[in-house]
Amino acid sequence: MVSEQASPRSRHFASAGIWVLAALIVGYALVFGGYIATIVAFALIYGVFVSGLNIFMGLTAQVSFGQSAFAAIGGYTSAVLTTTYEWAPLPGMLAGIVFALLFALVIGFPTLRLKGHYLAMATLAIGLITYEIAVEWESVTQGYMGISGIPPLGIGPFEAISDRQILATLSVIVVIVAFAVTRIRKSRLGRAFAAVAGSEEAAGALGINVARYKLTSFLLAAGLASIAGSLFVHVVGYVSPEVFGMHMVVLAFTMVYIGGLGTVAGPVIGALIVSLLPELFRGMRDSQDLAYGITLILILIYAPKGLAGLAQSFDARRGK
Amino acid sequence: MFHMRNQFFAGMVSVLAMAGAAQAEDIYKIGISAGLTGYAATVDRAWSDGVQTAVDVLNAKGGIMGRKLEVVVEDNRSNPQEAVTVYRKMVSSDGVNIFSSGCVSAGNAAAAPMVAKSEIPMILCSILPKQERDVVWAFTTLPPAGFEIEKRFEYLRDKTQIRKVGVLHDPTPYALLQKDVAEKVAEKFGIEVVAVEAYKQDDADLSVQLSKMQAAGAGAVMKIGLGGTTLTAAKNLKQLGSDMLLLTSLEDLAVFKPVAEVLGDKFFFVASPSQVFEAYPDGPLKQAIGQFLQPWREKFGDRDPNWASRGWDSIMLTAAAIEKGQSFEGPAVRENLEKITGFQGTTGTYDFAPDKHQGISTNPFVVAQIIDGQVRIAQ
Numbered sequence: 001m002v003s004e005q006a007s008p009r010s011r012h013f014a015s016a017g018i019w020v021l022a023a024l025i026v027g028y029a030l031v032f033g034g035y036i037a038t039i040v041a042f043a044l045i046y047g048v049f050v051s052g053l054n055i056f057m058g059l060t061a062q063v064s065f066g067q068s069a070f071a072a073i074g075g076y077t078s079a080v081l082t083t084t085y086e087w088a089p090l091p092g093m094l095a096g097i098v099f100a101l102l103f104a105l106v107i108g109f110p111t112l113r114l115k116g117h118y119l120a121m122a123t124l125a126i127g128l129i130t131y132e133i134a135v136e137w138e139s140v141t142q143g144y145m146g147i148s149g150i151p152p153l154g155i156g157p158f159e160a161i162s163d164r165q166i167l168a169t170l171s172v173i174v175v176i177v178a179f180a181v182t183r184i185r186k187s188r189l190g191r192a193f194a195a196v197a198g199s200e201e202a203a204g205a206l207g208i209n210v211a212r213y214k215l216t217s218f219l220l221a222a223g224l225a226s227i228a229g230s231l232f233v234h235v236v237g238y239v240s241p242e243v244f245g246m247h248m249v250v251l252a253f254t255m256v257y258i259g260g261l262g263t264v265a266g267p268v269i270g271a272l273i274v275s276l277l278p279e280l281f282r283g284m285r286d287s288q289d290l291a292y293g294i295t296l297i298l299i300l301i302y303a304p305k306g307l308a309g310l311a312q313s314f315d316a317r318r319g320k
Numbered sequence: 001m002f003h004m005r006n007q008f009f010a011g012m013v014s015v016l017a018m019a020g021a022a023q024a025e026d027i028y029k030i031g032i033s034a035g036l037t038g039y040a041a042t043v044d045r046a047w048s049d050g051v052q053t054a055v056d057v058l059n060a061k062g063g064i065m066g067r068k069l070e071v072v073v074e075d076n077r078s079n080p081q082e083a084v085t086v087y088r089k090m091v092s093s094d095g096v097n098i099f100s101s102g103c104v105s106a107g108n109a110a111a112a113p114m115v116a117k118s119e120i121p122m123i124l125c126s127i128l129p130k131q132e133r134d135v136v137w138a139f140t141t142l143p144p145a146g147f148e149i150e151k152r153f154e155y156l157r158d159k160t161q162i163r164k165v166g167v168l169h170d171p172t173p174y175a176l177l178q179k180d181v182a183e184k185v186a187e188k189f190g191i192e193v194v195a196v197e198a199y200k201q202d203d204a205d206l207s208v209q210l211s212k213m214q215a216a217g218a219g220a221v222m223k224i225g226l227g228g229t230t231l232t233a234a235k236n237l238k239q240l241g242s243d244m245l246l247l248t249s250l251e252d253l254a255v256f257k258p259v260a261e262v263l264g265d266k267f268f269f270v271a272s273p274s275q276v277f278e279a280y281p282d283g284p285l286k287q288a289i290g291q292f293l294q295p296w297r298e299k300f301g302d303r304d305p306n307w308a309s310r311g312w313d314s315i316m317l318t319a320a321a322i323e324k325g326q327s328f329e330g331p332a333v334r335e336n337l338e339k340i341t342g343f344q345g346t347t348g349t350y351d352f353a354p355d356k357h358q359g360i361s362t363n364p365f366v367v368a369q370i371i372d373g374q375v376r377i378a379q
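Going down the list, the protein sequences come from chains A and E. Each step along the first sequence adds one to the number in the numbering used here, with nothing skipped, and position 284 is 284. Each step along the second sequence adds one to the number in the numbering used here, with nothing skipped, and position 85 is 85.
Please keep in mind that the hints were generated in silico from the structure rather than gathered at the bench. From the three backbone atoms N, C-alpha and C, an ideal C-beta is built for every residue, glycine too. One thing to keep in mind: the hints can contain errors.
[Unchecked claim] Stretches of chain E that chain A covers, calculated by requiring three or more beta carbons in the stretch to come under 8 Å of a beta carbon on chain A:
hint	region
1	76-89
2	106-120
3	125-137
[As the list claims (entries may be wrong)] Partner residues aside, some chain A positions facing chain E, computed with beta carbon under 8 Å:
hint	residue
4	T38
5	I39
6	F42
7	I133
8	V135
9	G143
10	S148
11	G149
12	E200
13	G237
14	H247
For reference, chain A alone in the conformation it holds in the complex (with noise of 0.2 Å):
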């Protein structure tokens, strides 16, 4: 029996079939619309703020906790300049993006000298002083009352405000956040970052500047996790401090290792699928968390490296 050498255009096929399953979800909300058109929003606006910390934790093998701190200075940055200044979203999602990344920077500096847990839990202290500033800064942020009346998103005279404009338009920034991920795991960048993920003293005795390239990292999650928070508040309208505590941080951590860590479809599946299996299990009302969870575990048994690992596993093994 002769083993039949698969073509390269079928070597793929597992890993296209993630995607295709994610456009699938994506189009089912899109026709069908209702209450899954919000749910798969939100999920979207995830896949951003996701793929964001997938370049920090996959891509470069950091961890950090705080992402929705960013998420937050985009996120509050907008609905700021968008109700008191009526600046349009563009440009307030802009100015979003710079805040974000000048707070990375002055962050990043002197936290990224730290590694493992230290960096885990600094990062994680960087998340609750946000939070906290954005309680207690109540002139600004208006603490629990929340600023309401924030525009839909829109550039000009087009306005995302129908369910199917929404997903339309976080549809296309998706794919242009996946394909810039794409392009950075394939470019020299990528290539430094994957030398800083598997050793930081290796990549160094090869001439890269390891301390550059966390930062950098750092500064890419950290818009992503900006204009992820611009997304959020334009699409619901409004916002509070309880979007960006630690149930973001969890909900993230879990879309990325259930969508595979350092792929790029990973994060954009994984925040569909983990979006999307509370309300399958929505029916059995007090059982539901625990269906969850028990999915999650089995998903987590079955595919170490993530839905997006598992196909690329699967494509490896046929190309054998």
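Model the placement of chain E on the given structure of chain A, informed by the hints.
Just chain E now, with coordinates in the frame of chain A:
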């Protein structure tokens, strides 16, 4: 024969489908977005049970204008993002006709634009959304923030010599509103607010805030906020050997009982009429509470009726608006809610108007104490 059997089955299917559609049409659905888990769980579970009790009572009488009611409850986990999702589910998948939602203000505010766009009225346990266009569709059973404050100031003015107080509040929207009112109206009662201190709901020690108040000369602490921090404050006052009175805002009686054991007669709290039912003077309000308390106690025994009674009110207000307009349509119900005046609820009298969606206009509260395990109106 075969053809006839097919026709028979087709006919049966059509009849059943039509009956199902008619039945679905006949049911008036009430959606509840409630924080069944998370920080609002105690309050929102009570609210939700109050709504269900009212629905059971109305259904036992044949529903509203012959139409049965059904409750759809979804857990928003006390989180605004989750609230948007569950509101959306109830609008598009469950097809609810009205919302009778819980006390998570941020969740209700986040979902309000979408609910208003769907032209579905909402009667809330929480404060109203801030945007005027959203308030058009939102009504609240919550008494104005000043009521709880004024009642405590009145008590201090009329029954004590204390003229200096400290305000201790958590950062929730309703607590912040009350804090602002306290600072604004204190002078009217001849009272000076000498310290304003904040705390977090999960703080395990409030000694610093209480010491500052004592140092500022406060004779009483006006605590604003829910949860276990009331017991923390009581223990801290005792540890400090302080003589300051503790006057807290409305809360579940189960929380107050251990506080009373610590502070005894130095502990006072704002109580709703349903919490002091037996001691409350006779009148239409007591009668309205009695109508609620009978089915409530049959089902839940001596569980605190306060938030549940407002959930009950939200359904009775809905029934009144539907019967007034003889219509179940969202816009008609909304319009007729605005026309409700002099409606006797369990928390007070509701008077709504197009520019007034916070209905309770007379202060129904009393200041109460727990003496020997019994809730009494403070003398």
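Which numbered hints fail:
7 and 12
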